[in-house]
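Residue-level listing of the chains:
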Amino acid sequence: MDEAGLLMQARDGDQRAFAALTGAHRTQVWAVCLNICGNPHDAEDALQNTLIAAWQNLHKFRGEARFSTWLHRIAANNALMVVRRRKANTQLTDFTDPDGSVQLTDDDDGAPAFDERVAVRDAVHAALARLPDDFREAVVLREFGDLSYADIAAHQGIGVQTVKSRLNRARTQLAELLRDTMSPS
Amino acid sequence: MPEEPSILASLGFDSGLMAPPPPQVWEAALQTAFDPTASADADTVPEMDDTPAPGAPTHDDDQLVVDEPAHDAAHDHGDQAVHGDTVLVDDVHADDGHAHDGHPDGSDPGHTDIVPHQSDEFDHHDDYAHGHDGYDDAGGHHGL
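Read top to bottom, the protein sequences are chains A and B. If you're matching positions, the first sequence starts at 90 in the numbering used here and goes up one per residue. If you're matching positions, the second sequence starts at 46 in the numbering used here and goes up one per residue.
FYI, nobody ran anything at the bench for these hints, they're computed from the structure. Quantities reported herein were computed from a predicted structural model and do not represent experimental measurements. We put the CB at the ideal spot given by N, CA and C, even for glycine. Warning: the hint list may mix true and false statements.
[Stated by the list, open to error] Derived Cβ-Cβ restraints for the label pairs, each shown as a range:
1. B:S55 with A:M97: 21 to 29 Å
2. A:A264 with B:P65: 24 to 32 Å
3. A:A264 with B:E72: 32 to 40 Å
4. A:E265 with B:Q69: 32 to 40 Å
5. B:A87 with A:R268: 38 to 46 Å
6. A:K149 with B:P81: 16 to 24 Å
7. B:A83 with A:T261: 39 to 47 Å
8. B:D80 with A:R173: 21 to 29 Å
9. B:F79 with A:E265: 41 to 49 Å
10. A:A177 with B:A87: 18 to 26 Å
11. B:A64 with A:M97: 28 to 36 Å
[What the hints assert, rightly or not] Covered by chain B, per the in silico footprint, the following chain A stretches (three or more residues, Cβ under 8 Å):
12. 93–99
13. 102–113
14. 144–154
15. 163–174
16. 225–234
17. 259–266
Looking at chain A on its own, in the form it has when it is part of the complex (with noise of 0.2 Å):
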């Protein structure tokens, strides 16, 4: 069944059709809440919000543009809820520590541990980490989301040139950050 099949059905209260519909999203979806969230536990809870406020809200959904694009709006506001929710609770706390942010897992059997795809990415979540928040939101909804430049614009209430500035500005502060990590891929 495609996309607008499960809606309907989604929307006449069909839990099945809304986990189909939602799951086909759902590496984009946590990688929304990961990326802005900055950390599993935060990522989790942004995740559980996201999905709550998708199913409760699917008549608020009209259907005619793409369903990814709505489902990551909702994950991005609700990421940033829970970053700024962190920040007011929190003390200072770092967690973006430089030394932190690369993991570094070793198997129990003493194989070698190193695994480079999990400590580039890791790079990268510290990196976006340091981000001002509405940097990173731009960023994680243009790369994880494939938001265009319009619906972020609509998302942020800016401009879509805001949104251009703000992207390229933030490539170069990714640049500067990830230049000890960034190697040809």
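With chain A fixed as given, assemble chain B onto it according to the hints.
Relative to chain A, chain B alone:
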């Protein structure tokens, strides 16, 4: 799909950065969503009007909003300058293919839960007005 390359790809990072959520995490989140007692913040749900408004601007990026009302967009081509609170970027000139009215994905140039300000210099979210020098305000950490 957007025309411009991804930022991370341009920095040499591939799409492997996206990993699916752990299955138990996704399933647990779904089950919580179906819990009748669960509550969500409805403010996190955008009011997306997916129907493009007739006559809505299709090339927002062609309209350069600066402090000087008579400023001409053509003067900014090739420049990266700051006029008041607006940074003009020329390296991304073309729109991303989603900004046109009637695009199937229904990108909404102006009809959402948050009304985008056409005048960026008055946009209270503007980066320069908030002193976004590129680093997180709360963290205060600069560079690695």
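Consistency of the hints with the structure:
no.: 1; hint: B:S55 with A:M97: 21 to 29 Å; in the structure: violated (39 Å)
no.: 2; hint: A:A264 with B:P65: 24 to 32 Å; in the structure: holds (27 Å)
no.: 3; hint: A:A264 with B:E72: 32 to 40 Å; in the structure: holds (38 Å)
no.: 4; hint: A:E265 with B:Q69: 32 to 40 Å; in the structure: holds (37 Å)
no.: 5; hint: B:A87 with A:R268: 38 to 46 Å; in the structure: holds (42 Å)
no.: 6; hint: A:K149 with B:P81: 16 to 24 Å; in the structure: holds (19 Å)
no.: 7; hint: B:A83 with A:T261: 39 to 47 Å; in the structure: holds (41 Å)
no.: 8; hint: B:D80 with A:R173: 21 to 29 Å; in the structure: holds (25 Å)
no.: 9; hint: B:F79 with A:E265: 41 to 49 Å; in the structure: holds (44 Å)
no.: 10; hint: A:A177 with B:A87: 18 to 26 Å; in the structure: holds (21 Å)
no.: 11; hint: B:A64 with A:M97: 28 to 36 Å; in the structure: holds (31 Å)
no.: 12; hint: 93–99; in the structure: violated (count 0)
no.: 13; hint: 102–113; in the structure: holds (count 5)
no.: 14; hint: 144–154; in the structure: holds (count 9)
no.: 15; hint: 163–174; in the structure: holds (count 4)
no.: 16; hint: 225–234; in the structure: holds (count 4)
no.: 17; hint: 259–266; in the structure: holds (count 8)
Hint check: violations occur at hints 1, 12; the rest are consistent with the structure.
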